[in-house]
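Could you put the whole structure together from the sequences, leaning on the hints where they help?
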Amino acid sequence: MDNRAGEMEVFVAAAEAGSFSAAARRLNLSPSAVSKVVSRLEARLGTRLLLRTTRALQPTAEGVAYLERARQILAEIDEAERLVANGAGATPRGRLRVNASVGIGERCIVPLLPDFLARYPEVEVDLTLTDAMVDLIESGVDIAIRIGELRDSGLMARKLMTSHRHIVASPEYLARHGTPQRPEDLLGHNCLRFNFRRAQDGWPFRDPATGEPFTLPVHGNCWTNNGPTQRQLCLDGLGLARLGAFHVERDIARGRLVTVLDEFNAGDIETVQAVYVGHRHLAARQRAFIDFLAARLPSQPGPFPKA
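Each number in the working numbering corresponds to the 1-based position in the sequence shown with 422 added.
Keep in mind that the hints were calculated from the coordinates and are not lab data.
For glycine and all other residues, C-beta sits at the position ideal for the given N, C-alpha and C.
There's no promise every hint is true.
[What the hints assert, rightly or not] Taking CB as the label site, the calculated pair distances span: (1) Leu-535 / Gly-659: 39 to 45 Å; (2) Pro-635 / Asn-450: 45 to 51 Å; (3) Asn-425 / Glu-501: 33 to 39 Å; (4) His-599 / Arg-515: 53 to 59 Å; (5) Arg-470 / Gln-603: 21 to 27 Å; (6) Gln-654 / Arg-515: 37 to 43 Å; (7) Ile-499 / Pro-543: 28 to 34 Å; (8) Pro-453 / Arg-718: 15 to 21 Å; (9) Thr-513 / Asn-425: 22 to 28 Å.
Structure, rendered in structure tokens:
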């Protein structure tokens with residue numbers, strides 16, 4: 423019996439998970455079984471697809487090419503089976519595991535959940551808000567809402583919205599310390615920064631006269647791991663922060679926070695995306711949730727959903 427599709431699925435799982443043990447957990451197999459399938463596939467093809475090290479599996483050049491094509495084939499198989507089993511208009515149902523950062527979750531996702539669940543009463547949303555980077559495969563997450571560029575080639579993403587980042591402070595802070603007129607003025611201010619690994623060491627700007635981008639190192643006495651905390655510290659007058667519009671739009675509109683250096687950061691845009699494991703078709707509940715968010719979440723200038 424031809425079991426090439428099964429071999430492809432095991433290989434894709436091993437390549438994406440980075441280890442035989444992680445792939446085994448994903449497929450409900452033993453690590454030795456996963457290793458044997460990959461070795462058998464390599465023997466049949468007459469080439470090595472994965473480099474084994476003590477730390478991780480790394481696809482070879484041939485492995486990368488095979489991985490890309492295998493994902494496409496598996497997706498086509500899944501789609502064919504889904505259409506036959508459920509029909510093209512399958513009703514969204516079942517448990518949907520969603521992961522998002524605290525800020526985007528509280529500001530953009532949570533306010534929309536009642537409408538989504540009213541529209542799709544057979545769906546159950548399991549929402550986790552955390553600013554830690556979650557492995558979708560290891561944690562069983564169906565959809566993650568992430569900000570910025572997609573770095574994991576084993577995942578797929580759909581753009582939901584764009585949001586401008588603002589540099590903000592409270593009127594009280596600016597009254598005490600003055601309003602910066604140029605980025606260099608920030609060197610004399612208390613700038614609140616993020617402490618997670620992917621945070622930038624400096625704040626990006628663009629010269630309005632030449633259009634040239636540059637990054638300015640900033641300094642301050644407080645680091646945090648999420649936007650809502652920085653927003654509150656700004657409201658309390660501790661310093662300046664660089665935050666997405668979804669965090670501070672309502673505060674700006676009500677005068678509780680003030681933007682500064684707008685002409686220097688007009689191009690400071692962040693993309694919010696729905697991310698999911700790439701080689702599998704989207705279940706009806708996943709597709710419904712992503713389509714719903716894409717329709718309801720705005721591109722700048724907003725407004726964002728009311729809390």
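Now the hints, each set against the structure:
Between Leu-535 and Gly-659 the Cβ separation comes to about 33 Å, which falls outside the hinted range of 39 to 45 Å. A beta carbon spacing of about 48 Å between Pro-635 and Asn-450 agrees with the range 45 to 51 Å that was offered as a hint. The supplied range of 33 to 39 Å is broken by Asn-425 and Glu-501, whose beta-carbon atoms lie about 20 Å from each other. For His-599 and Arg-515, the hinted distance range of 53 to 59 Å is satisfied, since their beta carbons lie about 55 Å from each other.
Checked against the given bound of 21 to 27 Å, the beta carbons of Arg-470 and Gln-603, roughly 60 Å apart, lie outside it. At roughly 39 Å, the beta carbons of Gln-654 and Arg-515 sit within the given window of 37 to 43 Å. The beta-carbon spacing between Ile-499 and Pro-543, approximately 30 Å, falls within the hinted interval of 28 to 34 Å. At about 43 Å, the CB distance of Pro-453 to Arg-718 disagrees with the hint of 15 to 21 Å.
Against the hinted window of 22 to 28 Å, the Cβ-Cβ separation of Thr-513 and Asn-425 comes to about 32 Å, which falls outside the hint.
Hint violations for this structure: numbers 1, 3, 5, 8 and 9, all remaining hints satisfied.
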